[in-house]
Amino acid sequence: MKMTSNILGGLLFVGISLFILLVIPEQIQASSQVGINAQSFPRWIATLMLVCSVFLLVNEARLQRKNGSINMSTFNVDFKKEIRAVLFIVLIVAYAAVTPFIGFLFASMTFSALSLLFFSITNFKFYMFLMVCCAVVYYVFKFLLLVQLP
Amino acid sequence: MDNLFIEGFIAFFTVSSFVYLNLGLLLGLVFGSIPGLTVMLCLVLFMPFTYTMDAIASFMFLLGIYCSGSYGGSISAILIKTPGTPHAAATMLDGYPLARSGKPKKALLTALYASGFGGIFSALVLLFAAPLVAQIALNFGPPEYFILCVFGLLIISGVSSGNLLKGIIAGCLGLLLSTVGMDSISGVFRFTFDDFNLYGGLNLVIVLIGLFAISETISNASKYSKTVKYASIKTDDNKDDVLPLKEFFSSYITLIRSSVIGTVIGCIPGTGASMASFLSYDTARRNSKNKAAFGKGSEEGIAAAESANNAVTGATLIPLLTLGIPGDAAVAILLGTLMINGLTPGPNLFQEHGVEVYAVMIGLIVINIFMLIQGRLLMPFFAKITKVDFSLLTPLIVIFCFAGTFSINNTMYDIFVAIIFGVAAYILIKLDFSPIPILLGLVLGKLTEMNLRRTVTMAQGDWFFVLSRPASLALIAIFVSLLAWFAYSRFRQRSLQNKTEEQVA
Numbered sequence: 001m002k003m004t005s006n007i008l009g010g011l012l013f014v015g016i017s018l019f020i021l022l023v024i025p026e027q028i029q030a031s032s033q034v035g036i037n038a039q040s041f042p043r044w045i046a047t048l049m050l051v052c053s054v055f056l057l058v059n060e061a062r063l064q065r066k067n068g069s070i071n072m073s074t075f076n077v078d079f080k081k082e083i084r085a086v087l088f089i090v091l092i093v094a095y096a097a098v099t100p101f102i103g104f105l106f107a108s109m110t111f112s113a114l115s116l117l118f119f120s121i122t123n124f125k126f127y128m129f130l131m132v133c134c135a136v137v138y139y140v141f142k143f144l145l146l147v148q149l150p
Numbered sequence: 001m002d003n004l005f006i007e008g009f010i011a012f013f014t015v016s017s018f019v020y021l022n023l024g025l026l027l028g029l030v031f032g033s034i035p036g037l038t039v040m041l042c043l044v045l046f047m048p049f050t051y052t053m054d055a056i057a058s059f060m061f062l063l064g065i066y067c068s069g070s071y072g073g074s075i076s077a078i079l080i081k082t083p084g085t086p087h088a089a090a091t092m093l094d095g096y097p098l099a100r101s102g103k104p105k106k107a108l109l110t111a112l113y114a115s116g117f118g119g120i121f122s123a124l125v126l127l128f129a130a131p132l133v134a135q136i137a138l139n140f141g142p143p144e145y146f147i148l149c150v151f152g153l154l155i156i157s158g159v160s161s162g163n164l165l166k167g168i169i170a171g172c173l174g175l176l177l178s179t180v181g182m183d184s185i186s187g188v189f190r191f192t193f194d195d196f197n198l199y200g201g202l203n204l205v206i207v208l209i210g211l212f213a214i215s216e217t218i219s220n221a222s223k224y225s226k227t228v229k230y231a232s233i234k235t236d237d238n239k240d241d242v243l244p245l246k247e248f249f250s251s252y253i254t255l256i257r258s259s260v261i262g263t264v265i266g267c268i269p270g271t272g273a274s275m276a277s278f279l280s281y282d283t284a285r286r287n288s289k290n291k292a293a294f295g296k297g298s299e300e301g302i303a304a305a306e307s308a309n310n311a312v313t314g315a316t317l318i319p320l321l322t323l324g325i326p327g328d329a330a331v332a333i334l335l336g337t338l339m340i341n342g343l344t345p346g347p348n349l350f351q352e353h354g355v356e357v358y359a360v361m362i363g364l365i366v367i368n369i370f371m372l373i374q375g376r377l378l379m380p381f382f383a384k385i386t387k388v389d390f391s392l393l394t395p396l397i398v399i400f401c402f403a404g405t406f407s408i409n410n411t412m413y414d415i416f417v418a419i420i421f422g423v424a425a426y427i428l429i430k431l432d433f434s435p436i437p438i439l440l441g442l443v444l445g446k447l448t449e450m451n452l453r454r455t456v457t458m459a460q461g462d463w464f465f466v467l468s469r470p471a472s473l474a475l476i477a478i479f480v481s482l483l484a485w486f487a488y489s490r491f492r493q494r495s496l497q498n499k500t501e502e503q504v505a
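Protein chains in written order, with the working numbering: chain F, 1 to 150; chain P, 1 to 505.
Read the hints as simulated data drawn from the structure, not as lab findings. This structure is a prediction, so every number in the text was calculated from the model and none was measured. C-beta: ideal position from N, C-alpha, C; glycine also. Just to be clear, a hint being listed does not mean it is correct.
Calculated cross-link-like contacts (lysine-lysine; reagent style DSS-like; alpha-carbon spacing at most 30 angstroms) [unchecked claim]: (1) K291(P) to K246(P); (2) K291(P) to K80(F); (3) K81(P) to K223(P); (4) K125(F) to K81(P); (5) K66(F) to K2(F); (6) K430(P) to K296(P); (7) K81(P) to K81(F); (8) K125(F) to K223(P); (9) K81(P) to K2(F); (10) K246(P) to K296(P); (11) K246(P) to K80(F); (12) K384(P) to K125(F); (13) K289(P) to K81(F); (14) K446(P) to K81(P).
Output of the computed footprint for chain P on chain F, the stretches with three or more beta carbons under 8 angstroms from beta carbons of chain P [unchecked claim]: (15) 19 to 28; (16) 37 to 45; (17) 55 to 67; (18) 89 to 100; (19) 109 to 118.
Interface residues of chain P toward chain F, partial, derived using beta-carbon atoms under 7 angstroms [said to hold, decoys possible]: (20) L175; (21) L177; (22) D183; (23) R190; (24) S222; (25) L243; (26) L245; (27) R376; (28) A403; (29) N410; (30) V417; (31) I420; (32) D432; (33) V456; (34) M458; (35) I478.
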């Protein structure tokens, strides 16, 4: 069987819905055992999600068997692209992690500079432009909107 | 009603309304015209700013973004052959050839005037039709509301994903996320995992910033290439490149017909501007005296597509304001804004907050007028806007996301929540799951659950209770017919789009 986005998505949501169904008794105290209570809606929705995910898997398997999985496109991961995505996520997380320590303004300036390096930008004007933008955003939020930035 | 109209007019006519609507228009134009930036992204990024505004000003600001973003998409479609929004693809078919033939200003002006015409047309329809629909909807009880919520979710799930099952799964995820925090009926905590930050539930804006803005930046970062450069057509002064109003209004039949098409389609949740613009473009082509000009720079073609897609903007507010059902993802954000300001959309909105509703409806007409003014004044800068480099925008968007998220509760916890949702949305998009049904589920979740629980209590075990109510029965009949029509029109739109593009090519 080919690993298509439907198979991977189906498996992911089967896992999520089973997890939700398992944690419902622990996470939601039932106010009454008869009739509808706080557990009912999440339980019905998680069950619907499980049914749809299973149906997605079965449907995909049936189609692959019928067509001999010739026309199915396998879920391909472009590693070069995904590594860039992972690196950018790391950059965002690092930005969030250092902000409380060095403050919003300096963290934003550092993040902007590192982002431009990430995009291999060598034009100095781009760096200057973003530094000014960081200062403007900081000024607008802190002094005009009166938001207490870290 | 007359009193409400006058009071609404007075409530709208403030300096703040005019300032914010113009600011929104400007932002919408910029975001709509840059390929890769979306109206949704703009709405999500600037939603935290509305926290400090009153209900009317915040709605004017976001409506400004929504309306001008719809027109903004046509700018890049005309100047660089890259539609800034999906529905601008129909505008591109004639807009780009006309611009390339040395008349970019004429193409942009046709698109601008047609957008304004369609927008004002649908705003007037909204002003007169919405109170009537709300009057009918006053007879609705919990069962009818539950049916409306399910219908809204189902339709959006089907439209936003190529696969209905995937749309329903994503919608379920949104509904489950809406249950996090304290249950408003029993007071029981749900899915909080003993984390006090989750006791109040997930904040809509924080989740939205993660789902739509952070995921977008990750996606842009992974795809960015320095070699991709857009060659923009310049809007230099050319004496022949003008559009007299007389010439524009010579195709008034096309304008009116397309505006009607856009308004009717916009009233139906889940249909959207793309369907309206392609359907109206095809109708205009079939009825035109000069069919051969279509695809080669026909002004009628641009006018048809643009007036229809902007006519959708006012019409989508009809189901939103009267029934509380958002017609598309952008309108779902407007629904969130209304709720944040304590205005729960639905028929009672007209009873309880009539002045604000009328102010919004009158404001929509004014927004379209100012869109014409701004579009005209900013025209010389359009060629420059479309060429803004993504390497500059991506970090700026992240910085805005951080500042906006932090401003909500003044805590770093929210920023990490937004990042988690951003990464999750990036993975889901990779697996062909749209984040739009998640948004809808999250927005409509509480309303759906409350009405379901009330309906079950009212039914007392009688499963045919809902069918015994004439209003419910009528709604079910309407929705089944709409679903059938919808399935047919989607099939028709797909074949139309293929056929039109083939013929034009």
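Going through the hints against the structure:
no., hint, in the structure
1, K291(P) to K246(P), "holds (21 angstroms)"
2, K291(P) to K80(F), "violated (47 angstroms)"
3, K81(P) to K223(P), "holds (20 angstroms)"
4, K125(F) to K81(P), "holds (28 angstroms)"
5, K66(F) to K2(F), "holds (13 angstroms)"
6, K430(P) to K296(P), "violated (37 angstroms)"
7, K81(P) to K81(F), "holds (26 angstroms)"
8, K125(F) to K223(P), "holds (23 angstroms)"
9, K81(P) to K2(F), "violated (37 angstroms)"
10, K246(P) to K296(P), "holds (22 angstroms)"
11, K246(P) to K80(F), "violated (55 angstroms)"
12, K384(P) to K125(F), "holds (16 angstroms)"
13, K289(P) to K81(F), "violated (49 angstroms)"
14, K446(P) to K81(P), "violated (42 angstroms)"
15, 19 to 28, "holds (count 4)"
16, 37 to 45, "holds (count 6)"
17, 55 to 67, "holds (count 3)"
18, 89 to 100, "holds (count 7)"
19, 109 to 118, "holds (count 5)"
20, L175, "holds (5 angstroms)"
21, L177, "violated (10 angstroms)"
22, D183, "holds (4 angstroms)"
23, R190, "holds (5 angstroms)"
24, S222, "holds (4 angstroms)"
25, L243, "violated (35 angstroms)"
26, L245, "violated (39 angstroms)"
27, R376, "violated (27 angstroms)"
28, A403, "holds (5 angstroms)"
29, N410, "holds (6 angstroms)"
30, V417, "violated (11 angstroms)"
31, I420, "violated (10 angstroms)"
32, D432, "holds (5 angstroms)"
33, V456, "holds (5 angstroms)"
34, M458, "violated (11 angstroms)"
35, I478, "violated (23 angstroms)"
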